[in-house]
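2 protein chains.
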Amino acid sequence: MSERIFNFNAGPAAIPQSVLEEVRDDLLNYKGEGLSVMEMSHRSKSFDAIIKSAEALMKEVMEIPDGYKVVFFQGGATLQFAAVPMNLLTDGKFADYVNSGSWSKKAISEAKKLGKTVNVIASSEDDNFTHIPKGYKVTPGAEYLHITSNNTIFGTQYQEFPATGNVPLIADMSSDINCRKIDVSKFGLIYAGAQKNLGPSGTTIVIIREDLMKRSPENIPSMCSYNIIGGKDSLYNTPPTFGIYIIKLILEWIKGQGGLGKLEEINRKKAKMLYDSIDNSDFYRGTAKEDSRSIMNVTFRLPSEELEQKFVAEALQKGMLGLKGHRSVGGIRASIYNAVPMKAIETLVGFMADFKKQNG
Amino acid sequence: MSERIFNFNAGPAAIPQSVLEEVRDDLLNYKGEGLSVMEMSHRSKSFDAIIKSAEALMKEVMEIPDGYKVVFFQGGATLQFAAVPMNLLTDGKFADYVNSGSWSKKAISEAKKLGKTVNVIASSEDDNFTHIPKGYKVTPGAEYLHITSNNTIFGTQYQEFPATGNVPLIADMSSDINCRKIDVSKFGLIYAGAQKNLGPSGTTIVIIREDLMKRSPENIPSMCSYNIIGGKDSLYNTPPTFGIYIIKLILEWIKGQGGLGKLEEINRKKAKMLYDSIDNSDFYRGTAKEDSRSIMNVTFRLPSEELEQKFVAEALQKGMLGLKGHRSVGGIRASIYNAVPMKAIETLVGFMADFKKQNG
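Line order of the protein sequences matches chains A and B. For the first sequence, my numbering gives the first residue as 1, with consecutive numbering after it. For the second sequence, my numbering gives the first residue as 1, with consecutive numbering after it.
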């Protein structure tokens, strides 16, 4: 194939083509400095400018208020499943968790495994995770409330966030960070693996309210400590320099697109096109409840598994990759992150109409 | 600068130019598949071929015997400083450590911080870490012996490894992995951050004897567990896919160079050229004891700090980057990893002669 494919992968996922072009053009000789970004010392002036710029852009794009720190970790959301309770859940106390899907369950089981007391205050598991739980109240005395803002596998997403009063709200936003405007001041901590909307896998963004950083106990691994990694401005040890560089470029791209307000508008339009073509048919059937639908991962079924396999195979032949649903639930999933262009959605919607005509 | 610089960075460090060229050429469209490696699902056939190939090449290049597993982690050597005792040092028991420099000290203090009992059986700290300790004996009952095979900051390197009998030998080889042939069967576990001889920062290689994998307790973070990450063939969660891809290319490059035997020959020649030009002068003074000299990091002093600053600045003007010694020890350090070409050493040696003539 000489052209770029339409990439509906759930993550690692599509990266804006202009970003990849810039990475390619500077790969052997960054800005005339005679070396690749991946060959730079993490203590050099050149890399310092890159990481500082990535942090500043993150604050600007997300309108992060004063009193928060942007920190780069390694280990994906999975390390954060452990880091959150290790840093913020004192032994003998408890934290509230909402169970809205597979990743929530992993966050809960990781905390429990470390001997922490987890209080699951709401769950949609009985409903096969087809909706986001609502109408619960945070337990007085909870050290925090943990939620998963978007459930990649089930195609559900918080439309509004719970009010938690003085209890810090902690969100795993791995699959929908920077897809829309949010009010960061409502959160104590936000974390996200980069590999959906922010860059390549291997870097995790943590946005943490500075007073929470200081809660980290001494006796946990340094690489899990908000106080140590945050206190050293993500340079306690060698960070994933190349990933941070690409995150910077993607944040510049977001600004160039008009910022999160404009991207949200585009993302809602992209999602609506897909949901409309599902709803206006008796052939396709959306799996998430309407009030919980994600604008990042659109999940649906066809009349049979056989047709679903055929759909995925024919779509691939037509240049659309990654439409197979997660192995745990089956069906079809179109992940339409920021970098998936409108043209990809138009092509998919056109294909869905054709496929229905031929197989309906 | 339109040309590539001579890169003597201590890490992240030089990457073979042919590898960077291949990365560049395939950046937007890997092997005609229509997407970048960093946009691929970590569960796709294409990425599976890449990671399997990286593992197989690592085994081939290092001649790793059966019964060992190659595993990719995140978090650098610093996470391994914690992971090693968390997985392998039972509470109430103890492990032996050799203190040969700053990174050994960090490994020791990380283990202690986690409440583990550390027994430092040998140290060169009183000698400013200018040599590798020798002549010690492993303590009977130790759960393992931990060493740092090469000390980036002090320019020292193990010339032969201690015999440990039944006690597993564990080595942090971050700064000299794949610089020479070693007998892997002498080790229980080897770990190395990729950013010196193997690839970009953000990926850590762990080579572990399979019986040790099973020792991991249940109550540690999954991202630190040899049994979990190893048991899932490095795919428990999303690994740093792009870094693993570059590691694969570098291992192919190593094979293309003639393997570790040939590379060791070249590395010894490169190091000898530098040490000779230090020893054959009363202007330059090597800091590591001769029997402990590293073939990866060559450290030396000039008659004054003022001259050292001038040396670093003039070298940079002549296209040689990264010669400043680590901030904790000062002086000059030339890191001459696998990817630093002979031409770079020749240029540096020539410059050293000129600089001495003009300033001696």
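Among the hints, a few may not be true.
If several chains are the same, the list does not tell them apart, and a pair holds so long as it fits within one copy or across any two.
Stated by the list, open to error - With a cut-off of at most 27 angstroms between alpha-carbon atoms, the simulated DSS-like pairs for lysine-lysine come out as follows: (1) K137 x K45; (2) K106 x K214; (3) K318 x K45; (4) K262 x K137; (5) K45 x K310; (6) K105 x K356; (7) K255 x K137; (8) K112 x K93; (9) K113 x K289; (10) K134 x K59; (11) K289 x K357; (12) K134 x K45; (13) K31 x K186; (14) K31 x K214; (15) K343 x K262; (16) K106 x K69; (17) K318 x K232; (18) K356 x K255; (19) K356 x K106; (20) K272 x K232; (21) K112 x K272; (22) K232 x K262; (23) K255 x K310; (24) K318 x K105.
Derived from the structure by calculation, the hints contain no laboratory data.
A quick look at each hint next to the structure:
Taking the shortest Cα distances, K137 and K45 never come within 27 angstroms of each other, neither inside one copy (48 angstroms) nor across copies (44 angstroms). With identical chains, the CA atoms of K106 and K214 are at most 27 angstroms apart both within one copy (26 angstroms) and between copies (22 angstroms). In this assembly of identical chains, K318 and K45 lie within 27 angstroms of each other by CA distance solely across copies; the values are 19 angstroms between and 46 angstroms within a copy. In this homomeric assembly, K262 and K137 never come within 27 angstroms of each other (Cα to Cα): the closest approach is 33 angstroms inside a single copy and 66 angstroms across copies.
Taking identical chains as interchangeable, the C-alpha atoms of K45 and K310 lie at most 27 angstroms apart only when they sit on different chains, with a minimum of 19 angstroms there against 53 angstroms within one chain. Taking the closest pair of Cα atoms, K105 and K356 never come within 27 angstroms of each other, the shortest separation being 36 angstroms inside a single copy and 65 angstroms across copies. In this homomeric assembly, K255 and K137 never come within 27 angstroms of each other (Cα to Cα): the closest approach is 37 angstroms inside a single copy and 60 angstroms across copies. Taking CA atoms no more than 27 angstroms apart as the test, K112 paired with K93 passes in both settings, with 13 angstroms inside one copy and 26 angstroms between copies.
Proximity of K113 to K289 under the C-alpha cut-off of 27 angstroms is found in neither arrangement, the shortest distances being 32 angstroms within a copy and 48 angstroms between copies. When the C-alpha separation of K134 and K59 is checked against a cutoff of 27 angstroms, the pair qualifies neither within a copy, at 29 angstroms, nor between copies, at 51 angstroms. Within a single copy, K289 and K357 get their C-alpha atoms as close as 26 angstroms, which meets the 27 angstroms cut-off; across copies the closest is 79 angstroms, which misses it. Taking identical chains as interchangeable, the C-alpha atoms of K134 and K45 are never at most 27 angstroms apart, the minima being 48 angstroms within one chain and 39 angstroms between chains.
Proximity of K31 and K186 under a CA criterion of 27 angstroms is satisfied in neither setting, with 39 angstroms inside one chain copy and 45 angstroms between copies. In this assembly of identical chains, K31 and K214 lie within 27 angstroms of each other by CA distance neither inside one copy nor across copies; the values are 38 angstroms within and 48 angstroms between. Taking the closest pair of Cα atoms, K343 and K262 come within 27 angstroms of each other only inside a single copy of the chain (17 angstroms); across copies the shortest separation is 51 angstroms, beyond that limit. Proximity of K106 to K69 under the C-alpha cut-off of 27 angstroms is found in both arrangements, the shortest distances being 26 angstroms within a copy and 26 angstroms between copies.
In this homomeric assembly, K318 and K232 never come within 27 angstroms of each other (Cα to Cα): the closest approach is 48 angstroms inside a single copy and 33 angstroms across copies. For the homomeric pair K356 and K255, neither the shortest alpha-carbon distance inside one copy (38 angstroms) nor that between copies (51 angstroms) is at most 27 angstroms. Taking the closest pair of Cα atoms, K356 and K106 never come within 27 angstroms of each other, the shortest separation being 37 angstroms inside a single copy and 62 angstroms across copies. Neither within a single protomer nor between protomers do K272 and K232 lie at most 27 angstroms apart by alpha-carbon distance, with minima of 43 angstroms and 38 angstroms respectively.
Taking the closest pair of Cα atoms, K112 and K272 never come within 27 angstroms of each other, the shortest separation being 39 angstroms inside a single copy and 55 angstroms across copies. When the C-alpha separation of K232 and K262 is checked against a cutoff of 27 angstroms, the pair qualifies neither within a copy, at 34 angstroms, nor between copies, at 40 angstroms. In this assembly of identical chains, the alpha carbons of K255 and K310 never lie at most 27 angstroms apart, being 39 angstroms within a copy and 42 angstroms across copies at closest. Taking identical chains as interchangeable, the C-alpha atoms of K318 and K105 are never at most 27 angstroms apart, the minima being 36 angstroms within one chain and 57 angstroms between chains.
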